[in-house]
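S.K.: Listed below are the residues making up each chain.
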Amino acid sequence: MARVAFDELSILIADSNANMRQIVRATLRSFGVRNIEEAEDGASCLEIFQNSCPDVLITDIKLPIIDGLEVVRLIRTPDTSISPFIPIIILTADTEKRHVIAARDAGVTEFLCKPVSPRSLYLRIKSVVETPREFVRTKQFFGPDRRRFVCSRYNGVERRGTGGGELADSHFEEAGS
Amino acid sequence: MSTRAPQTRIASPAKMKPGSHEVIIPPSTLRDKALKPGSSRRNDMRAIERAEKALQALSCNFEEWMRDEVNSLLQARSRYKADPTAPEALHELFRVAHDMKGQASTLEYPYVTRVCMSLCSLFEDLPSKDRIPMILVDQHVDAINAMVREGVRTDPHPTAEALAARLAGVTADYVASEMKRAKAAEAAASAG
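Chains as they are written, first to last, in my numbering: chain Y, 16 to 192; chain B, 3 to 194.
No false leads were mixed into what you were given.
Below, computed lysine-lysine pairings styled on PhoX-like, alpha-carbon distance capped at 20 Å:
| # | chain 1 | residue 1 | chain 2 | residue 2 |
| --- | --- | --- | --- | --- |
| 1 | B | Lys83 | B | Lys131 |
| 2 | B | Lys38 | Y | Lys141 |
| 3 | B | Lys35 | Y | Lys141 |
It is worth saying that the hints were derived from the structure and are not from the lab.
Given only the sequences and the hints, what does the whole structure look like? Please build it.
M.R.: Structure, rendered in structure tokens:
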């Protein structure tokens, strides 16, 4: 049996509204998270991300200075990001389908709608720690696999280009090796 | 303290052939760090209960927070009214409305969230920002002000429901007609 040690996690909250940040912070503290940082705009979010390398990012879609989804895209740029695999949870009131699709295509890991319940947030954080998602890389996309399940009834062509796709962990090179 | 992820170099997506893809298993750093032996279910329930109590404790601030947000909204509306052509005034009004949309339900004002949604739609969905009708902006802002002033916090509230639904309907109709108008203008411009 295993449990998620929330006191081991460091979490970065990005939201332009101070009240929302206070609410999320209080919720995370209650879960046991001790290391919490906050950003009120996209630029400071990126700065904190680069300097502190948090374990999880919880962010709204719309942020001042640099938009939330642009922040996600920059973090998911494997050439330059310090931690391109960081779990990113969107927490937003922008729940229209176009926003969900845009967030998915930017490379977010999970999508939560405001108002968020403590239970939903807890389970999402637990999920990203316990069952990290595979990532997919194409010429245009780097992020969590956007396919959440395999549809056994689909009999069409593989639309990912070259077929089944090989697990490519050999593409990782430890620095200095 | 955060454990910095081991440095890995990932081949640039720019070098990939169009149409090809790779599935990558990320490093298990976070899992290794934060997954510990022990029972999960009881811990989970306790943590969630603590969080719900913490939110309950914070809720005594919610009314004051909403009043502050409404004041910001009224000020932003005044600045926008003074000069509707100024992009920063429009941007500020949208920002305040968007923030309020995000937090109002959390602060137990669900109808305010709904009115903010249709107000934000005016700013986001209209093809031309020059065609935002001030009267509709006023109706939204005044509705939000009234809901907070009257303490309309819970579902269901028939008057608030009717007001939110009416504003959403009028806004959706207006946005649809503007999009049609813009399409027709575009078609005429390319034909001419």
